[in-house]
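**Q** Sequence:
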Amino acid sequence: SALMKYGAAVEIMEPPEHLSALKSIPGMTEWLVPKAEGGYFSSWDELDSAMKAKNTYRSTMFHEPLSDEVRAQLPRCRRFPPHLMDTGGFFVAVFVKHAHITRLSRREIYYQNQKARAAAAAEAAKEAEGATD
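Residues in the sequence shown are numbered from 1 upward in steps of one, following the working numbering.
Derived by calculation from the structure, the hints in this document are not laboratory data.
Some hints here could point you the wrong way.
Dumping the calculated SDA-like pairs for lysine to any residue here, alpha-carbon to alpha-carbon at most 20 Å [said to hold, decoys possible]:
| no. | residue 1 | residue 2 |
| --- | --- | --- |
| 1 | 5 | 61 |
| 2 | 115 | 59 |
| 3 | 115 | 68 |
| 4 | 97 | 69 |
| 5 | 54 | 37 |
| 6 | 126 | 68 |
| 7 | 115 | 97 |
| 8 | 5 | 94 |
| 9 | 52 | 40 |
| 10 | 5 | 110 |
| 11 | 52 | 31 |
Assemble the whole structure, with the sequences as input and the hints as a guide.
**A** Have a look at this one:
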């Protein structure tokens with residue numbers, strides 16, 4: 001979210017080499033949201049309006065279409081699940097600030113997200129078209 005909001009003004013650092021002894025998993029670019037009755041949702045659009053109205057699921061639980069620049073940085077984050085080292089679970093992302101940050105308005109963020117969604121949909125349509133040839 002910070003990468004999408006602030007663009008090139010911030011970047012996720014590679015984890016320091018001395019932390020490689022800790023058991024971790026790279027950050028994720030896509031994930032599924034479990035259904036209460038079993039199975040998974042892969043996108044917010046799969047929920048019907050009644051399910052969205054119940055507020056059991058929130059749109060922020062689902063991954064957003066990402067630019068290539070953001071997608072390339074997310075594996076630099078580290079997830080430390082509790083079962084890997086018999087600890088509490090936690091998540092780490094270290095950001096480097098490259099420029100002065102001006103907070104984008106909600107409208108600007110909305111239009112950036114819409115643009116990313118449209119690009120992802122166009123790419124998916126292109127791939128589907130290629131699969132039918």
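**Q** Hint by hint, which ones does this structure get wrong, listed from lowest number up?
**A** 7
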